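> Put chain B on the given structure of chain A with help from the hints.
Protein chains in written order, with this note's numbering: chain A, 1 to 192; chain B, 1 to 192.
Read the hints as simulated data drawn from the structure, not as lab findings. Quick caveat, the model's predicted, so the values are computed rather than measured. Hints are supplied without guarantee of correctness; some may be wrong.
One copy or two, it doesn't matter: identical chains are merged, so the pair holds either way.
What the hints assert, rightly or not - Here are the simulated lysine to any residue pairs, SDA-like style, with alpha carbons at most 25 Å apart:
1. Lys-14 to Gln-25
2. Lys-181 to Glu-138
3. Lys-114 to Gln-124
4. Lys-14 to Arg-82
5. Lys-6 to Tyr-139
6. Lys-14 to Gln-72
2 protein chains.
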Amino acid sequence: MFAAEKGLEIDVIKVDIHAGENRSQPFLGLNPTGTTPVLVLENGFAISETIAICEYLEGVYPDNPLVGFVPQERAEALMWWRRVDLQVVQPMTAGFRAAEGIEMFRDRVRCIPKAAEEFKLTAQEGYAWIDGQLQGREYLAGDRLTVGDILLFCFIEFGSLVGQAPNATLPNIQAWLARMKARPSALLSWLE
Amino acid sequence: MFAAEKGLEIDVIKVDIHAGENRSQPFLGLNPTGTTPVLVLENGFAISETIAICEYLEGVYPDNPLVGFVPQERAEALMWWRRVDLQVVQPMTAGFRAAEGIEMFRDRVRCIPKAAEEFKLTAQEGYAWIDGQLQGREYLAGDRLTVGDILLFCFIEFGSLVGQAPNATLPNIQAWLARMKARPSALLSWLE
Numbered sequence: 001m002f003a004a005e006k007g008l009e010i011d012v013i014k015v016d017i018h019a020g021e022n023r024s025q026p027f028l029g030l031n032p033t034g035t036t037p038v039l040v041l042e043n044g045f046a047i048s049e050t051i052a053i054c055e056y057l058e059g060v061y062p063d064n065p066l067v068g069f070v071p072q073e074r075a076e077a078l079m080w081w082r083r084v085d086l087q088v089v090q091p092m093t094a095g096f097r098a099a100e101g102i103e104m105f106r107d108r109v110r111c112i113p114k115a116a117e118e119f120k121l122t123a124q125e126g127y128a129w130i131d132g133q134l135q136g137r138e139y140l141a142g143d144r145l146t147v148g149d150i151l152l153f154c155f156i157e158f159g160s161l162v163g164q165a166p167n168a169t170l171p172n173i174q175a176w177l178a179r180m181k182a183r184p185s186a187l188l189s190w191l192e
Numbered sequence: 001m002f003a004a005e006k007g008l009e010i011d012v013i014k015v016d017i018h019a020g021e022n023r024s025q026p027f028l029g030l031n032p033t034g035t036t037p038v039l040v041l042e043n044g045f046a047i048s049e050t051i052a053i054c055e056y057l058e059g060v061y062p063d064n065p066l067v068g069f070v071p072q073e074r075a076e077a078l079m080w081w082r083r084v085d086l087q088v089v090q091p092m093t094a095g096f097r098a099a100e101g102i103e104m105f106r107d108r109v110r111c112i113p114k115a116a117e118e119f120k121l122t123a124q125e126g127y128a129w130i131d132g133q134l135q136g137r138e139y140l141a142g143d144r145l146t147v148g149d150i151l152l153f154c155f156i157e158f159g160s161l162v163g164q165a166p167n168a169t170l171p172n173i174q175a176w177l178a179r180m181k182a183r184p185s186a187l188l189s190w191l192e
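For reference, chain A alone in the conformation it holds in the complex (with noise of 0.2 Å):
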């Protein structure tokens, strides 16, 4: 989604991680954490961990700005993406890996059984704090989208499909989510 905001196009190469091809050679040559996904270059070198790659890809094309240039600007939209990211996105990740996901996950993470409904807490109160915060405001950072509005709506979308969506009483972010969804970005035609 930051690559078509962007406007580019990047060759896919689809790893089944069901299958747990990212967590076996050659995978773990280009990723030694075996997660997904990881952007390599033209001179081979592999970039992993979504922030590093939405951070090249922004330093690379510097169109359609998604972090930004200015130092205040660029600062403004990581504090946002880093909120969102421990407010939402690792425990409701962990409360998946820790309940729904544990038969994917039990052998390849050290998942928390007993914990799971606690993350799934944690990640709904980071939804109301969110909402709080979006009042008032288009985006996260104000009037433009940035990179962090992405790390929401795409694991907004991710948690709709496993039983941790925000709740629909939460007015601003449900607000937020139907202008998301209006972006031709959000649907991720170009990964079909």
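Coordinates of chain B only, in the frame set by chain A:
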């Protein structure tokens, strides 16, 4: 430590986190998550989240780069920062809040005491993974010090105070730690 490595001196206003000064006004007006540190710019704009502060300082004071200015180098530094964050810092601090730190944190954030040991084990497994990655390397990103080294060092310092030091038998982390401790920035005398 990031500022010290860049040769910057920043006016420091101490916030009494034990007394909860960061969880009440006026601090919450600077950062609605109630976490420290916050960097307040001369125009009043307040940046929270450590990585956003570091990126701001990097952009405004480019000397002694700790992230970088070439996109591939920036991506490599941010990738390592993120790996340290996910594999060590997040589980370590969750483990601390859930156990030794519970009295301070129970009314501030959702703590999960029953998961404390698993959080700590996850951080120890993170250390072991990083130890393997440091084989043959001076720093995480190779021969240059970057923001991920500073993050790891500072949280090893913290972890060492709360029973979450890396195992003394991890040879590469211990050699790297000795190199880090020898840096003048590690003394943090500028904060005293």
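> Please flag the earlier hints that this structure goes against, numbers listed from lowest up.
none
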